[in-house]
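Q: Chain by chain, the residues:
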Amino acid sequence: MSTYPFSGRKGLRISVGAGASVLAVFALVPAVAVFVISFTDIRGLPGIPIQFVGFENYERFFSAAKLGYNLNALQNTLVYAVASTVVINVFALGIAVLLNGRLRGRTFTRALVFLPTILGVTVIGLIWSLFFNPSAGPAATIWSWFGADSAFFGDPALALSLVIFVQIWAGLGVAVVIYLAGLQAIPEELYEAAALDGADGWKRLRLVTIPLLAPSVTANVLLAIVGSLQSYQLAYVLTGPNNPATQLLSLAIFAQAFGGSTTSGMGQSQGYAATISVIQFFIVGIASLLVMWYLRRREARL
Amino acid sequence: MTALDASSRIAADTSMASPDRRRRPLTPGRVLSYAALVLVAVCYLFPLAFLLNTALKSSEAFFADPGAVVTSPQWGNFADAWVQGNFGAYLLNSVLYTVGAAAVGTAVSLFLAFPVARSYVAHPRLWNALFVVLLFLPNALITQFQLLLRLGLYNTQIGYIAIMAAGVGIGPILLAGYIKSIPVELDEAAAVDGCGYWRYLMTFVIPMARPALATVFILQAIGVWNDIILATILLPDPAKSPISLGLYAFKGTYTNDWPLLAAATMIVAAPLLAAYVFLQRYLVGGVVGSVKG
Amino acid sequence: MRTHITRGLAAMSLTALAVAVVTGCSSTSPEPADGELSGTLQILVSSSAGSDAAFKEVNAAFTKKYPDVKIEFSAVPNENFNSTRSSRLTAGNVDVTLAQPRDVPAFAQGVSASDDNVAADAGLFVDLTDEAFMKNFTPTVLEATSYNGKQFTVPTGLSYYSGVYYNKAIFEELGLEVPHTWSEFKAVASALQEGGVTPLGIGGKDSWPAGLAMLAAVQGLYPTADDKTALATGLWDNSLTLTEGTQLEVLERVKSLYDIAQPNFAGVGYDAIPSGFAAGDFAMTIDGTWNQTTIDSAVGGAFDYGYFPLPASEDAADNATLAGKVELRLAAASNASNKAAALAYLEFFSEPDVYATFVESTGFAPAQPDIAASEFLDGIAEYTKTFSPAWDTIWVSNQDAGPAAGFPFNYPAIAPLGTSTVEQAAQEAQDAWSAAF
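Chains as they are written, first to last, in our numbering: chain Z, 4 to 305; chain R, -4 to 288; chain L, 92 to 528.
One chain only, chain Z, in its complex shape (with noise of 0.2 angstroms):
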């Protein structure tokens, strides 16, 4: 806790309550209404009295019709999570480090990996969608070469392999230029340092490089993690909602929220809904507060 410089407060509170004001109204007050309103049977509709049901909805959620189902998807979404997110950071390291080298067209590919990213999630989706056109998209073709077809989407044992790879492919843009932005706030005079002291390529890239980009590392494991546990477009868009074998957590609350593909007869409270929101925010939390952790304490060793 370091003591405070400057001659008056004045400037200090105003910015650090407008800031504060922003969030608080924008963001904290709805996300905390969310929280009350999973207790409730709200509905959407105007002139429809609420009533506060306490835990019923959480109890239908893990109810054992409901918990099977539940249960799948968040596995896949673990197993999602994890894959996506080491290897994007694994490869977002390396190309960032080749980006900030000097190498010809490294402009042009760092602009181009980050497309995707401008791109958004919905056309991303499309263009893969297209992609694995099993009956004559490129993909068809490039697996008609070792002789093999697929249903590449449809089919239950490869779907959550490519979602990832699209997901792998969409979130490395954001990760290097992470990276990047840490890998220039590293000071060269450490690299001379450790050229002095005779260490070469590698070793720099092990002793200097990466303990000091341990802040840019988290940040982009804490990205990643809450990108594939929250975010459920890609999947939709490359899969629908209602498929099993890609089901995400994040998907399963969307089709439980808005009905999935059954018909209209369904009684669909928000409050249900909101309920599912609270609960995988607590489940993202605790693993983002555990991966935290983990990181942390590395970034405090090194």
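Do not take every clue at face value.
[What the hints assert, rightly or not] Quick list of in silico lysine-lysine cross-link-like pairs, DSSO-like style, CA-CA up to 30 angstroms:
#, chain 1, residue 1, chain 2, residue 2
1, R, K235, L, K259
2, L, K346, Z, K69
3, L, K241, L, K476
4, R, K235, L, K155
These aren't lab readings, by the way, just hints derived from the structure by calculation. Given the structure is predicted, the values throughout are model-derived calculations rather than measurements.
Could you slot chains R and L onto chain Z? The hints should help.
A: Positioned in the frame of chain Z, the structure of chains R and L alone reads:
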């Protein structure tokens, strides 16, 4: 550019005296690096080239063989997509929302991250915890809608920008981490010289934190640019729609006019790509030199 | 000195504010427009290529008749439609939209009511029962869309979807005729395979097109509405299970259909089907009449195509009707800011000549009598003489049951869409269903 020159010079080989880039020896390391670079570029170029290929086809040609290379490019698809999607008006809306929300959000992140990173506020650990919680807040679509409704900001651009600005995500964490690398001595030196908190923030911190600020800005801008569902709920007036909704309008339930959709996609992506290419300079122009102190 | 906010205080005030946000009355609706028809009319529908274009035509005609009314027409993708509609209704920001209040069938008493039913009960939709323009519609259709004996919606048309589009040219080439029983259908499929043609195209990737196969199977095996209601009642009181008898036959039919579908159909999207059909990749596809205009433009006159009900039963008489549903249903919001214009719009829409153009654009079957239907619809008139509601318009699932019992025939679990055999899929659904009791 000095930081990059230095690090790559060191990384290349021991001869530190060669200023002429072109005569740099072609070590196996460099060959491998170039090979890797090309591989990465191809991995990203191919699907995008495929998108462009699709955008240039006519509907019939696409249905006949989706995978073939286009033989008679239909540049008119772009014009059609532009007109049908009414992208002109939507584009201005999107730019307004993106720049507005990202600017406000970045400012909020900075205002909060700086004092917390420096522990100028009480309970910095709690603030850090708050920053982390901000990352994975539950989907509050319905309650945010209710909030704007009661504040009288429903269906207003201000209200939408306010909600999007509050979605700072990883901003505070990223900035706090970066600010820690700016030495505290600088604060104290400036204070001794009579600089106030606010002036210090504006004239010193912002330039020094430029790479991180740019990153945070871009991350948030992309979130706002690509947002569809909040815009659908909070801005029902079609005149206020952002361009992402315009793109969505193409996705019919029973038919997808893929070539037109591909063309529209490229139209939507172009401005942000241009902005990124422009902003890249700020990322690249590192301020490592000034941090050396 | 530090900037100091007590955490507890902050948390409490946040919660209080949040609760205030949630409870508290809904917003006041703006003043209604005065005088003759003027002002803005806000229409919200779910988006689909055919209906969007048709609505825009109607809107243009309406604006010509009432030049002082400005129409704001929003067509929102299906995924977002529910949340968009509920938020706009809450804000009083929509005048005409879609709604589906539906009488809860006797067997499903105690199931929590759908949003639209609750809304209709609360008076959110204008009661149209006594409006003159409702008389323009076919009485049987109005019966199907009534709720609690009242009319809240204007039916925009009907669609049929237990049938099979077939490529007449290929059939002629191989000397095949339209099958009327299941055995005949299987024979046709074999003949096609021997002739080197894939018999059936299914857009398995989107899952629900395979559901059309299931619905067609149910239609043949339980032809009348009474049969279906009996099935539903039996399932609800557990006198029937999904793993025996005709119920299991449904899944067996589905499996047979999967077996004659194109390779890797599980990865083919629904949108690719019209072009595949037009290219001759497969000779038949199970699809709805809503898609006829798309298939027509894809085929582009290259060959003749027809439509026949999938003969899931061995008895030809059971296979003589197509299953149908009422398509989009328009409702007027009671808290609309421009109720007068909303009702005028519905009235305008129901005028026979306006309605006729709408139906022609969308390819829906007309919900009004004496409307000239398209040539295609005339061609299948023999199958649509009596309106037979499709299984998914009768079935109501129990929300406490597991997801496998949603339809309740578990077609997505059967290989190659899933990984189960017919028996396993049926058992899975039955277990999920029983979990609710």
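Q: Tell me, which hint numbers fail for this structure?
A: Per hint list: single violation, 1.
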